[in-house]
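Construct all of the structure, not just a fragment, from the sequences and the given hints.
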Amino acid sequence: MANPETLTIHELEINGEQALGTADVIDTDGTVPVKAADTNGLPGRVLLDVLSKSSPQTVTIKASTADHAVRRSLGDLVISVDATQAELETELVGDDNDLVFTAVNGGTGGNSITVAYVDPNGNDQELGVVVTGSDIVVNLATGPTGAITSTANDILAAIEDDEDASALVTVALADDNTGEGVVTAMAETALSGGASVRAILGPFESARFEQEDGDMDIDFDIVAGQGFEVHAYLLPKGV
Amino acid sequence: MANPAKLTVTDLTLDAATARPAVDTIDTNGTVPIAAADLAGASGRLVIEVVEPDTRALTVTVLAGDNPPAVRAGVGNLSVAIAKNSGKMIGPLEAARFMQNDGTIQLTFTGTGGAAAAQVRTYLLPKA
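The listed protein sequences derive, respectively, from chains E and B.
Numbering-wise, the numbering used here puts 150 at position 150 of the first sequence, and it's gapless, one number per residue.
Numbering-wise, the numbering used here puts 35 at position 35 of the second sequence, and it's gapless, one number per residue.
Some hints here could point you the wrong way.
Going by beta-carbon spacing under 8 Å, a handful of chain B positions derived as facing chain E [as the list claims (entries may be wrong)]:
| id | residue |
| --- | --- |
| 1 | D24 |
| 2 | L78 |
| 3 | K84 |
| 4 | K88 |
| 5 | Y123 |
Cβ-Cβ distance ranges computed for the label pairs, FRET-style [said to hold, decoys possible]:
| id | chain 1 | residue 1 | chain 2 | residue 2 | range |
| --- | --- | --- | --- | --- | --- |
| 6 | E | T8 | B | A16 | 17 to 27 Å |
| 7 | E | V70 | B | P126 | 15 to 25 Å |
| 8 | B | S79 | E | T28 | 21 to 31 Å |
| 9 | B | A37 | E | V78 | 27 to 37 Å |
| 10 | E | A23 | B | A19 | 12 to 22 Å |
| 11 | E | V70 | B | A16 | 11 to 21 Å |
| 12 | E | E91 | B | G41 | 19 to 29 Å |
For the record, the hints were derived by calculation from the structure and aren't laboratory data.
Note that beta-carbon positions come from the ideal geometry of N, C-alpha and C, so glycine has one too.
Here is the structure:
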């Protein structure tokens, strides 16, 4: 896969209609221009309808390097377009033992992350974290009688110390929880709520962003395997 | 079920991002205004996104305005056909053709063979 060489421009006309066209798919870090030839010399009259599939992802409108761009000194315009992160708040029996797991990367991919707390059913077991794909299994610690001894704080620390788990999720104490409470076993539970996000970017100032060749350069910084879908619209003159 | 009393207008800002707003849901044939107070005197900078959510085709008609103030009202209505399961951007719209004498812009939604179904987002562009 590769980014398109240029963004496709859908031209709006006064009192006109324009079908919502096929989006340009951005799946690679890099710069994609809005070409001068496609914007009638008005690159700043572009609206970008951007769907972000993950987070953190940014769209940067590059400041011009041309002398004619009298407002170029304002610099690049960096816009974060972050998809919603999936989340799981435990609801265990007992007090002060609930945690909130949040997907590191936003988007629907986070909904496939699962968390389970497993009672090892043995005496004097140690707390451990095992990650298989996007499944996080926390093997709980037990005491000499086999009772679970792991607290929410213990699990929080164990997740943060585990490189694979912390690449998937961040962990925090649930509201009004101290984390000092002992947890219970918890069946495999998926995070939820991860979703793509759409935003409208622009229009933009030509006096800041129009390059020497009349293009406007847009840099996309994406999460690997994710990216953006972009519809670019050109506004008519006189609006 | 009923259409909203008016369409929600979202202001776009120069050199900035605007979260894509929630849709106004149209589920009944009829006319819905864009309020004058939401236009900041700039009805010529309206862009309207209409998506048909796979129910039935519809026609969106931007009604010709009153003269005065719409000196080009004689050009008439603007009718836009939206096919089933598709969408269009309409506009920007010309104030001199569509502004009513109360400052509103009026849109009529008419389903083909039944109640109109549409998801509408209305944007106000910043000044050039």
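These are the hints, each one checked on the structure:
1. D24: 16 Å, violated
2. L78: With Cβ-Cβ at 6 Å, under 8 Å, it holds.
3. K84: For K84 (chain B), the interface hint is violated, since the closest Cβ of chain E sits about 13 Å away, which is over 8 Å.
4. K88: Holds. Min distance 5 Å.
5. Y123: Holds, about 7 Å.
6. E:T8 to B:A16: 17 to 27 Å: The hinted range 17 to 27 Å holds for T8 (chain E) and A16 (chain B), with Cβ atoms some 23 Å apart.
7. E:V70 to B:P126: 15 to 25 Å: 19 Å, holds
8. B:S79 to E:T28: 21 to 31 Å: 42 Å, violated
9. B:A37 to E:V78: 27 to 37 Å: Holds: the Cβ-Cβ distance is about 34 Å, inside 27 to 37 Å.
10. E:A23 to B:A19: 12 to 22 Å: 18 Å, holds
11. E:V70 to B:A16: 11 to 21 Å: Check passed, 20 Å falls within 11 to 21 Å.
12. E:E91 to B:G41: 19 to 29 Å: 52 Å, violated
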